[in-house]
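Listed below are the residues making up each chain.
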Amino acid sequence: MSEVADRIKEIIKPENLVYAKSPVLNDDIMHYCPGCSHGVVHRLIAEVIEEMGIQEQTIGISPVGCAVFAYNYIDIDWQEAAHGRAPAVATGIKRVMPDKYVFTYQGDGDLAAIGTAETFHAVNRGENIVMIFINNAIYGMTGGQMAPTTLVGQVTATTPNGRDVDLNGYPLRITELLAQLPGAAFVTRQSVQNPAAVRKTKKAIRKAFEIQAMKKGTAFVEVVSTCSSGWKLSPVESNKWMEENMFPQYPLGDLKDSSRADADLYRIKG
Amino acid sequence: MAKVRGAVVVDTEVCKGCNLCVVACPTQTLALNRNVNNKGYHYSYMENPENCTGCTNCAAVCPDSCITVYRAKFEN
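Here the protein sequences come in this chain order: A and B. FYI, in the numbering used here the residues of the first sequence are 1 to 270. FYI, in the numbering used here the residues of the second sequence are 1 to 76.
Bound-form chain B, shown alone (with noise of 0.2 Å):
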């Protein structure tokens, strides 16, 4: 059966970790970092990548438009 997965790459400069990505995402695929970036902030990451299904709900309400997400479809 075909399975879609996506990915999100979060630009972690830019992102000022407020949480909204990791509440809307529906899979619980992203959290924040325990390492902080340049400003001091905990960015978003993947923390549980193999969830992701590239749904873009994390960049809808992105305030800092930081995320990029792709998708793709696997035979396996």
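With the rest of the complex left out, here is chain A (with noise of 0.2 Å):
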């Protein structure tokens, strides 16, 4: 056993180190559950932000929501924005300070439900601004409601027999409709289960930063997420249930990845 722990010392240098919390996160304790893909997803940012150098240049928008305390954690400029409105709030710092990165970071409840409008037409204007959504099916914050997201048949604190179409209608696809738009420049559909999906999340996260700084149009990142505690679910379990009901419903892949439209299609002729 001694053998084995002088080994595990010889190992735990500074020179091989190969994997370390990104600086650009804050030593402050996550309020998230246990297993929150939340976690994964602030941390993806934090890495992007390091490896682009762009820390001193990247402004994001909070929401409302579980993810209300992202600026706690991501040692950049944040704003805080009223339920839904992150996407107007980064349309304002955008154009007001054209060579920052803009972010909005935003749940299910708020860019899906409440912000719909503010949503779409920061999509459709082709606002150069990533917008980061966390698609989990449920209000996570206020106890597991029905969110917009919500499958048929899923059961939430107000849908106590599940998700019935005739009272409550359809799970929102917001994702496939922002890609129809015009102003969207990379829509793409993500998730943090596993190891690889978690990477290619990164590249995902990545590549939007970087249309950003081309001036291309909107990017959008939806990354379907576990919320543990309003599935009644353990961290494990939760990934398993969301890769048997939620992918069916919200495919991975990139839905659309072009830069944004020509505005002389839209022209009226003479």
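Don't take each hint at face value.
Which chain A residues face chain B? A few, computed with CB under 10 Å, are given here [claimed, not checked]:
| # | residue |
| --- | --- |
| 1 | ILE8 |
| 2 | LYS9 |
| 3 | GLU10 |
| 4 | LEU17 |
| 5 | ASP27 |
| 6 | HIS83 |
| 7 | ALA179 |
| 8 | LYS202 |
| 9 | PRO235 |
Think of the hints as simulated: they come from the structure by calculation, not from any bench. Note that the Cβ used here is the ideal one computed from N, Cα and C, for glycine as well.
Each chain sits in its own coordinate frame; assemble them with the hints.
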């Protein structure tokens, strides 16, 4: 046993370091529940900001929802927006300071429910911002009520017998809708349930920030996430539930990858 | 033959015992400790340290960024 302990001591040296927490993340312990996808996405954003060297030029807009305290964890400039209004605030900041990197970080209650109008019009205007959308199909912060993205048949606090189409309508696939808009440059849907998915999501977030630098239009990254507290499952079971139930409804992959549409296509003739 | 060996250092007070790193570990290195940290969570630790290859999969899925990974090459 002591031989193993000696070997570990030999390995743990600064020159052998292959992974450490990004310095863009603060030392604050996150308030999220154990296994929450928010933590992973926060870390990926911090790592992208660190790799691109844009810590001083990045401004985040935090939403209302569990991620409202995002400003406590990522060491950049932040602005807190009213519920659902993050894209509107981001539009203002980006237009006043066009050389800054501006991103919004929103959940499904913020982006797809109360903030649908702001979301659609910001993307339709082709604002040069990054929008990160955490879709966990439930209102996590307020106690697990039904969200627009809740799956048909999913049990929540406000749909105790499962979401009923006749009463509650259908799950809103807002990412597919946004991909239709001419202002969107990059629309993708990713997840963070295993190491391979985490690395893909990081690449997507990096690409989104690079598109913003090229002023091509809005870059939209949806991350299909878990809410183990809201779903009343363990973090590992939540990932499995997500793979089995969320992915058929919210298939992963790039939905759109092009620059903002040419205005001439939409100009009146004559 | 040179062998790659790794080591994982878990910040036990930050760890919330979500078990995601244990599931993500391809070599069954990690497990949740029987003991708890100050917040009452069963924190992750290296149960089989000789298995670790330093692949960083555990760090990739950690929501609380409490994992640091080291990797070295050995000749024997």
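Minimum Cβ distance from ASP27/A to chain B below 10 Å?
holds (9 Å)
Interface hint for LYS202/A, Cβ within 10 Å of any Cβ on chain B:
This interface hint holds because 9 Å falls under the 10 Å limit.
So, as I understand it, the hint says HIS83/A touches chain B; can you test that by seeing if any CB pair is closer than 10 Å?
violated (24 Å)
Less than 10 Å between beta-carbons is the criterion; does LYS9/A satisfy it with respect to chain B?
Hint on LYS9/A: holds, closest Cβ of chain B at ~9 Å, below 10 Å.
Can we keep the GLU10/A interface hint, with Cβ of chain B closer than 10 Å?
holds (7 Å)
Chain B contact restraint for ILE8/A - C-beta distance below 10 Å
holds (5 Å)
How about PRO235/A: closest beta carbon in chain B under 10 Å, or not?
For PRO235/A, the interface hint holds, since the closest Cβ of chain B sits about 4 Å away, which is under 10 Å.
When the nearest CB of chain B is found for ALA179/A, is that gap smaller than 10 Å?
Given a least distance of 28 Å, the restraint on ALA179/A is violated.
Restraint check, 10 Å cut-off on beta carbons, for LEU17/A near chain B:
Hint holds; LEU17/A Cβ to chain B Cβ min 6 Å, cut 10 Å.
Hint check: violations occur at hints 6 and 7; the rest are consistent with the structure.
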